[in-house]
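> Protein chains in written order, with the working numbering: chain A, 175 to 293; chain B, 175 to 293; chain C, 175 to 293; chain D, 175 to 293.
Hints listed in this document are in silico derivations from the structure and should not be mistaken for laboratory results.
Ideal Cβ positions, reconstructed from N, Cα and C, are used throughout, including at glycine.
A few of these clues could be false.
As the list claims (entries may be wrong) - Quick list of simulated restraints, FRET-style, between CB atoms: (1) D/228 / B/267: 33 to 39 angstroms; (2) A/281 / D/187: 34 to 40 angstroms; (3) D/277 / C/180: 19 to 25 angstroms; (4) D/281 / B/275: 38 to 44 angstroms; (5) A/225 / D/281: 48 to 54 angstroms; (6) B/228 / D/260: 42 to 48 angstroms.
To be verified - According to the in silico footprint, chain C covers these stretches of chain B (three or more CB under 8 angstroms from chain C): (7) 192-206; (8) 212-226.
Protein chains: 4
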Amino acid sequence: MEDLTAQVRAFAEERNWEQFHTPKNLSMALAGEVGELLAELQWLTPEQSAAVMSDENLGPRVRAEIGDVTIYLVRLADVLGIDLVQAGMDKLNEAARRYTVEASHSSAAKIGSDNPQAS
Amino acid sequence: MEDLTAQVRAFAEERNWEQFHTPKNLSMALAGEVGELLAELQWLTPEQSAAVMSDENLGPRVRAEIGDVTIYLVRLADVLGIDLVQAGMDKLNEAARRYTVEASHSSAAKIGSDNPQAS
Amino acid sequence: MEDLTAQVRAFAEERNWEQFHTPKNLSMALAGEVGELLAELQWLTPEQSAAVMSDENLGPRVRAEIGDVTIYLVRLADVLGIDLVQAGMDKLNEAARRYTVEASHSSAAKIGSDNPQAS
Amino acid sequence: MEDLTAQVRAFAEERNWEQFHTPKNLSMALAGEVGELLAELQWLTPEQSAAVMSDENLGPRVRAEIGDVTIYLVRLADVLGIDLVQAGMDKLNEAARRYTVEASHSSAAKIGSDNPQAS
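Bound conformation, chain A alone (with noise of 0.2 angstroms):
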């Protein structure tokens, strides 16, 4: 992760990209490539995402928006100056808290939010 975080800030460099790497810019990057890989997922059964990696066709299209998507998190989190792991680590100590296990068993809720949903 720290190697991919310096080539994509070595890539960013060498094209003299920083002065477009803003995080708002970035933020809206980032959201674009999300968008590009729910377009992928959006007209499939819930099934059928589940086995998209063992489509020929759509499974390297799923990986390499997943690709993208990291990129961009991570160069938006190197712009930032935020450790990714940690700052995931610490989100997820705190949705422990929030979600015990006996509350929260077999009911859908939203990691890090504050609007759980019953299932």
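Fit chains B, C and D to the supplied structure of chain A, relying on the hints for placement.
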């Protein structure tokens, strides 16, 4: 990163949430968290966004949203059987071939996209 | 729709918010509201989502999110000088030429997109 | 707007696409189109975005994305049985009560949200 992946997986399994964690559902959750991140940055100028982490109110909120985005991306990749870092690296290498340093210098382009935009 | 456009414009002007309502900022706000809409539907099955308006808890929340999305889309189109209905009609006509009834029958495709997906 | 709603519905019915047009799927399609809109604006400054419609290349692309977003929003509202304009009007009235002119003057706030941000 592997540690975070394992902990998010355990978190979901303990709550019996695997049933909700299809790629389709997780991609929606990822988009929802990216939407919350955008909401923190939407009224800021690009310059203000570059200084957002030194704002004692907004900084922790942005970090928390980055954490949520990371959790769902890590979980989605785990469910799909995709190595996030490798997927990012592969797309970065592809982008390096497409956007050569000479041709792309100082002009904004979307990594991994077919529609680069002149700045 | 024209009445809503005028009222949203007056709302922004009275608060001196035109300065924040650039197309860039409004597109982020639109994406943020769409993210909130996704969050309401993310853990539902497609079948549950089809019945969401008869859920006394979720129904009004979904309607409220649709209202927020509409406000920002209307405002964005107003700021850009785009007639929403005409823009939609033009794209629908284009989609009708691209996806003929014969070729597209019963197979999912993304309106206005280059990557239709076989179901 | 009613005419567009009817035409989008006929478009879907003629192709037997109602089966794919669940609220869940349509919300994903809506988010995908919003992502394409963001991609057109992501590297622009707010000022450049304000002039985007006079760019002979970007202007028509932005208009086309707005058209796609409108189509899916109209279709989603139709499937849910929601009157788009009324839903927007209701939320605008709620926002007017929450953000009074006096309290909100010249400070950015997210319509319909609990987290207004001082500019």
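> Each of the hints needs a verdict: does it hold here or not?
Status of the hints after comparison with the structure:
1. For residue 228 of chain D paired with residue 267 of chain B, a C-beta distance near 38 angstroms keeps the hint of 33 to 39 angstroms intact.
2. Remark: the range hint 34 to 40 angstroms for residue 281 of chain A to residue 187 of chain D is upheld by a beta-carbon distance near 36 angstroms.
3. At about 23 angstroms, the beta-carbon gap between residue 277 of chain D and residue 180 of chain C stays in the expected band of 19 to 25 angstroms.
4. The supplied range of 38 to 44 angstroms is met by residue 281 of chain D and residue 275 of chain B, whose beta-carbon atoms lie about 43 angstroms from each other.
5. One distance hint, 48 to 54 angstroms for the beta-carbon pair residue 225 of chain A and residue 281 of chain D, holds here, with the actual separation near 49 angstroms.
6. Remark: the range hint 42 to 48 angstroms for residue 228 of chain B to residue 260 of chain D is upheld by a beta-carbon distance near 43 angstroms.
7. Chain C is given as covering the stretch 192-206 of chain B, and this holds because 6 residues of the stretch bring a CB closer than 8 angstroms to a CB of that chain, at least three being needed.
8. Chain C is given as covering the stretch 212-226 of chain B, and this holds because 5 residues of the stretch bring a CB closer than 8 angstroms to a CB of that chain, at least three being needed.
Going through the hint list in order, the structure satisfies each hint without exception.
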